[in-house]
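Peer 1: Take a look at the letters that make up each chain.
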Amino acid sequence: MKRQLGFTLVELLVVIAIIGVLIALLLPAVQQAREAARRMQCSNNLKQLSLSFHNYHDTYGKFMPGGLHANVTYPLGWVPRLFPFFEQGARYDAMDALYSSYMMNRSPYRSHDQTNPIFGPVPSLSCPSSPLGDTASDHPITAYFPDTQIQGALHYRANAGSFDVDFHAPGDSSRDGYVSSGVVYPESKVRFGDIIDGTTNTILLGESSSTKGWTTSRAQSFGGIKPWVWGFYRYNATDWLMIDHKMVQFPINYSGSFTNNNTPFTSYHPGGAMFANCDGSVVFLPETISLDTFKSLATRKNGEVNSGL
Amino acid sequence: MIKNSKLILGLIVASLVTHLGCGAHGPEMGDVTGTVTFQGKPLHTGTITFIPEEEGLPLAYAEIQADGAYEGFTEAFGKGVPVGKHRVMIMAVQENGPEAASVALLPPKYSSDRQSGLTAEVASGENKIDFTLK
Chain A
2 MKRQLGFTLV ELLVVIAIIG VLIALLLPAV QQAREAARRM QCSNNLKQLS LSFHNYHDTY
62 GKFMPGGLHA NVTYPLGWVP RLFPFFEQGA RYDAMDALYS SYMMNRSPYR SHDQTNPIFG
122 PVPSLSCPSS PLGDTASDHP ITAYFPDTQI QGALHYRANA GSFDVDFHAP GDSSRDGYVS
182 SGVVYPESKV RFGDIIDGTT NTILLGESSS TKGWTTSRAQ SFGGIKPWVW GFYRYNATDW
242 LMIDHKMVQF PINYSGSFTN NNTPFTSYHP GGAMFANCDG SVVFLPETIS LDTFKSLATR
302 KNGEVNSGL
Chain B
106 MIKNSKLILG LIVASLVTHL GCGAHGPEMG DVTGTVTFQG KPLHTGTITF IPEEEGLPLA
166 YAEIQADGAY EGFTEAFGKG VPVGKHRVMI MAVQENGPEA ASVALLPPKY SSDRQSGLTA
226 EVASGENKID FTLK
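Taken in sequence, the protein lines are chains A and B.
Quick note on our numbering: the first sequence kicks off at 2 and runs consecutively.
Quick note on our numbering: the second sequence kicks off at 106 and runs consecutively.
Next comes chain A alone, as it looks inside the complex:
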C-alpha cells in the first residue's frame, strides 16, 4: 500500500473542529475579563468613597446627615459634602465662589447654575459597567429639568437602613416614610461608635446603576437614578424624599414597582451589585442573597448575626 502524503479532508475537518471548540471556550472568557475589569473599577470607586467617609468622620466626628433643614428646595446631599475628602476640593471651593455657603443656600438640580460644568460628571461617582453613562442621561428633558445631559450621574447611594426597623410613617400618607436604622438618613448624626453591629457588618454605600426592567415612568420619577446634585427634599419635619440615600426594602436587582425612598440597589454586573461596608471593605453581594440577610446588613444596631453570606 502506498503511503499517503499530506492530510485527508476528514483530518483537516477534525482539526478545524477542535480549534473551533477552543475558540468558543476562549471568547466568552475574554468578555468576562472586560467585565471583571469594569467591576474592579466600580469597586475602586466605592473604596475611595468609603475611605472619604472615614476621613470626613475624622474631621467632623460623625457622618453627615442625609437630610437637614436647608434654606432652599431640592438641596445638595452627602456627595458635595464629601468632595474635599476625595480630591474634589477645588469643585467645593468653586461652588462657594458662586455663592457663599452654597450648599445651604443654592440647589443646582432645578433652581440655580444648572448648566455650570461644576455640576457635571465627577470621578468615582459612576459605575463603568452601567450604560447610563456619567451624566443623568436616562432622564427626558422636561421644563423643570432641562439639563439632564449636563448634570453628573450618581450610581452609589448611602444606606438609610432596613425598611423593617425604625420606620417613620409620613404625616401625609401620599408620601413615603423614611427609616433611621442605617447610617445616612434625614437628620442623622451617626458616629462610628453608634454602629454597634460592627462596621464590617453594616452597609455604608450600595450601587444603584441599572434601570433594567423598570418602566419608563419608574426610571424618570423621583425614585429614579437622579444626578448627584440632588440629595434630599424636606417637605416638613416628618416627610422627606431620600434621593442620594435609600432604605433597603427590595431584593438586589428588583425590577418591580417601588416609590421614591426605596429605589432598589441594582447593577449591570452579572448576578448582583457592589457594596461598601462602614469599615471601608467593598463586597459584591449576589442577588440571591436572602432578603433577611440583606436587610440585617443595612441596620447598624439591631444585633443580628449574619452567617453564610
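It is worth saying that the hints were derived from the structure and are not from the lab.
Any given hint could be a false lead.
[Unchecked claim] Okay, the calculated bits of chain A under chain B, using three or more residues with CB under 8 Å as the criterion: (1) 75-83; (2) 170-180; (3) 214-224.
Quantities reported herein were computed from a predicted structural model and do not represent experimental measurements.
Every residue gets a Cβ at the ideal spot worked out from N, C-alpha and C, and that includes glycine.
Following the hints, complete the assembly by docking chain B onto the known chain A.
Peer 2: Coordinates of chain B only, in the frame set by chain A:
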C-alpha cells in the same frame, strides 16, 4: 477511511455525552395565578414578590394586571413559582411620570415580607392563590 469514520463517530458521541446535563434544570415549579383585591376592589397595578422560606430557591415575582389578575414567574426559569412555602410582599404604586413623586397605593406593611402577614403555599401543578388586602 474506516478508522477515520470511527474517530468521527467517537467525537460525535463524546460531544453528545458532554452536553448532557447542561440543560437548565431549575427547582421544582408550580404555576401560580390568582387575583389581588384591596378594600373589596381589584388592585389594578403592582408587583408581588414571593420570598421562599427555604434557602437557595430563586425569588419569584408577579405583575398585577389591570383586572387584578397575576401570574407568577422567576427571572431565570420563566413562568412558575418554586414549590414550597413563601412569604409574600406586594408593592403597588401610582406612577406619576417624569419629575414627580410616585405614590404608594397600599399601606406600607404590605411592602415587607416580614410585616405583610401574607403567605403562599405552592404545590406542583396549578395553584390559584388570591390575596385579599384591607
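Peer 1: Decide, hint by hint, whether the structure agrees.
Peer 2: Here is what the structure says about each hint:
1. 75-83: violated (count 0)
2. 170-180: holds (count 5)
3. 214-224: holds (count 7)
Hint 1 alone, counting from the list given before, is not met by this structure.
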